[in-house]
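> So the chains spell out like this:
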Amino acid sequence: MRRLTHICSILGLLATSAMAYAGPALDGIQQKQPTNWHAIIMFLLFVALTMGITYWAAGRTKSTSDFYTAGGGITGFQNGLAIAGDYMSAATLLGLSAMVYGQGYDGYIYMLAFFAGWPIILFLMAERLRNLGRFTFSDITAYRLEQGSVRTMAAISSLTVVCFYLLAQMVGAGQLIKLLFGLEYKIAIFSVGILMMIYVIFGGMVATTWVQIIKACMLLIGGTLVAILAMSRFGFSYSNVVEQATAVHKLGPKLMYPGSLLADPVTAISLGLGLMFGTAGLPHILMRFFTVTNAKEARKSVLYASGFVSYFFNVIFLLGLTGIIIVGQNASFFEGGNIGGKLIGGGNMVAMHLAKAVGGNLLLGFLAAVAFATILAVVSGLALAGASAISHDLYARVIMKGKASETTEIKVSRIAVICLGFIAIVLGILFEKQNIAFMVGLAFGVAAAANFPVLILSMYWKGLTTRGALWGGYGGLFSAVIFVVLSKSVWVDVIGKKAALFPYGQPAIFAMPIAFLLAFIFSKLDGSDRAKAEIEAFEDQYVRAQTGFGASTSTKH
Amino acid sequence: MSSEMYEHMRSNPKFQKLVARRGRFAWTLAFIVLAMFYGFVLVVAFKPALLGRPIMPGSMVTIGVAVELFMFIFFWVLTAVYVIRANGEFDALTQDLIKDAWKENK
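Here the protein sequences come in this chain order: A and B.
Oh and the first sequence: position 162 is 162 in the working numbering, straight run, nothing missing.
Oh and the second sequence: position 50 is 50 in the working numbering, straight run, nothing missing.
Keep in mind the hints are simulated off the structure, nothing from the lab.
Treat the hints with care, since some could be wrong.
[As the list claims (entries may be wrong)] PhoX-like, lysine-lysine: derived pairs with alpha carbons at most 20 angstroms apart:
# : chain 1 : residue 1 : chain 2 : residue 2
1 : B       : 14        : B       : 103
2 : B       : 99        : B       : 14
3 : A       : 524       : A       : 462
4 : A       : 254       : B       : 47
5 : B       : 103       : A       : 296
6 : A       : 62        : A       : 403
Can you make the complete structure from the sequences, with help from the hints?
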């Protein structure tokens, strides 16, 4: 036990750093607030509705295809909403509005970087993903390569991404719920973990998708409502908002200039790469492409998803700007009534305070419920992606070599969800006091450097062989992790060394070329018979990728 | 059977036409997005002051905000353009191709 706590404290130390991709962390130790009944009642309504859906979904979840991909029967519009739901986490709403509040225009640049990956995913990946894949993105990387080793590699990097992302969400959730609902941190963590397990275990992808859809609608409505009410105070004039915001903000006119966050060019470019291609390598996002009927619906999904994401980012920009005036000039939102001091509940509460200022406790309650629902939906999507890597890739394909029955595969999947859920709860509690921001950064870094290069090469480059894929995948994984550990966010802020060995906060610009280069060199050097057969097999894969002929189709209900 | 079908499709000139047309279209659009986005990132990195200037004297709207808002909308319009053409023209061509392959297979 002592040893365990020792290990945990080391892990905890590793976590006390701040490298924010998805916006700043829900940092600092929050004060427990008085119990917020509006929020709790609205959240309970959400839970009741989603539990009803889970009960309905459970009756429709019989085969592995139902469990992992809702039988492939989700429409493009539904999937578009669900993808938007998966992509816009609580950190997006709270973190990015806080970033605009604090840094102005820099926050808007971050949002464009988060968005710009979507068109690229559509043009270069969406239809090939749908045409080649079935349950997980490893189906594609391992399509013509050696099943065992390539799937193991893809599952390891998937699980790395899922675990870091999940932990970041859990700790954020605990802090947020403690603050917004006035619940104990541990109770918050347990309720998120247990609700997530219920959704995923019983309802599989059908329930997870509907939780995402409902939450995405709530988020869009809630955010829009706050933005409209806030903008109405300025006669719906953007110019009025900016004029007043620059007048009161400590940055002054510099508010609308690119600032300190992207000061050096390497960081700016690396951030752009990491966010753009990280999005294209997140397992829970990629998995969503297998839930639709065909490539046509897959394309529509991206169209709707990117429309919602793009719209919402602009709403968040307005929330941040109006927050500067409405929240930033109101003493009641600052600790000790000290304007310009510390915001009550920490820097990330801008959107929440704004909701209260323009819509009272009712709107605050609604937005708080939305934030809770958001976390729940995102962790469910992550848990399902993690469970499918364990049950579909590792268990059914690697260990059982494709001979597992559907019933046992689903059983393994459900056990995997329980395990992931408990790991998330335990780590969530252990990491309560840690700053976990760098984990989201690490998740995006690994997704961009380990998942994305091998995935895109397997779809586009004939010459990729098993050896190349393994070197590229593991090379990207290790270099992304090592660069983050050696960067200031861990090496200096956590381990306490004087100077960072890796001078940049963002690993993508270095880790991605390493992955591509290793994959290229080791594929070229691979002269084995297996490699020749793999290169030859590209021809058939290519026709299927282009036409969708032979792609898995939806099951009839 | 699948492999034979793939062989039929591959040797069909329509397949080459589909692949060439769609490939060119998708890569052109991707290139536009990448060039605009990374061009913008380079401006952020090397000429940040430019983005803070107003679009016209006295305006509260800065060049940076205007350019970004344009990209948010324009990139989405490009996705719509791609989806319309792919779901119409390219999918029709694909269906045609599969039909031909079935015929040949008989």
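> Give a verdict on every hint.
Going down the list of hints, with the structure as the test:
1. B/14 with B/103: Since the Cα atoms of residue 14 of chain B and residue 103 of chain B sit roughly 14 angstroms apart, the hinted pair holds (cutoff 20 angstroms).
2. B/99 with B/14: Answer holds: residue 99 of chain B to residue 14 of chain B is near 11 angstroms, not above 20 angstroms.
3. A/524 with A/462: Holds. Residue 524 of chain A to residue 462 of chain A sits at ~11 angstroms (cutoff 20 angstroms).
4. A/254 with B/47: Holds, at about 14 angstroms.
5. B/103 with A/296: violated, 24 angstroms
6. A/62 with A/403: holds, 18 angstroms
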